[in-house]
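J.: Numbered by the UniProt record's numbering, the letters in the sequence shown go through residues 1 to 151 in order.
The hints are simulated quantities; they were obtained by calculation from the structure and are not laboratory data.
With a straight-line cut-off of 30 Å between C-alpha atoms, the simulated DSSO-like cross-links for lysine-lysine are:
(1) LYS21 <-> LYS70
(2) LYS23 <-> LYS72
(3) LYS61 <-> LYS23
(4) LYS61 <-> LYS72
(5) LYS21 <-> LYS72
(6) LYS88 <-> LYS61
(7) LYS61 <-> LYS21
(8) LYS70 <-> LYS23
None of these values were measured; they are calculated from a predicted model.
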Amino acid sequence: MENTREENAVPRVAVVVSLLKGKTVLLGRRRSSLGDSTFSLPGGHLEFGESFEECGAREVKEETGLDIDKEKIELLRVTNNMFVEEVKAYHYVGIFMRALLTDGEHREPQNVEPNMCDGWDWYEWDRLPQPLFWPLQNAVEAGFNPFHASP
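Whole structure, please, built from the sequences with the hints as guidance.
T.: Structural data, given as structure tokens:
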């Protein structure tokens, strides 16, 4: 890691949202230098002064066009993710949140950022597409399941 670490590098905070609809979760295929072509939850960087809930609602809106009530987003898990095998090393604290679309909400996600994502779709948790983005894969392997997790 010594060769790839920048002297003044600091960890970043990423908030991701397990957006649930019935027995499915929303995932998109990444188009990014980090985790390209892997499936990930909607999410992004925490901005200065934002709560995790505000960040989650903002990122879901920016990426999918879906409005999520920040009061209905809950914290599920925090992870410490280091990508030292990349050309440039990354260190992220991952904040995993959960939000539910109720039965009456039949809204479908839009691919608002096609330069960052190939599109969004709903997947059953026991039939997740592969490959998963590394932080999500590690969380799943550690037993993370947004359908059974309690805050």
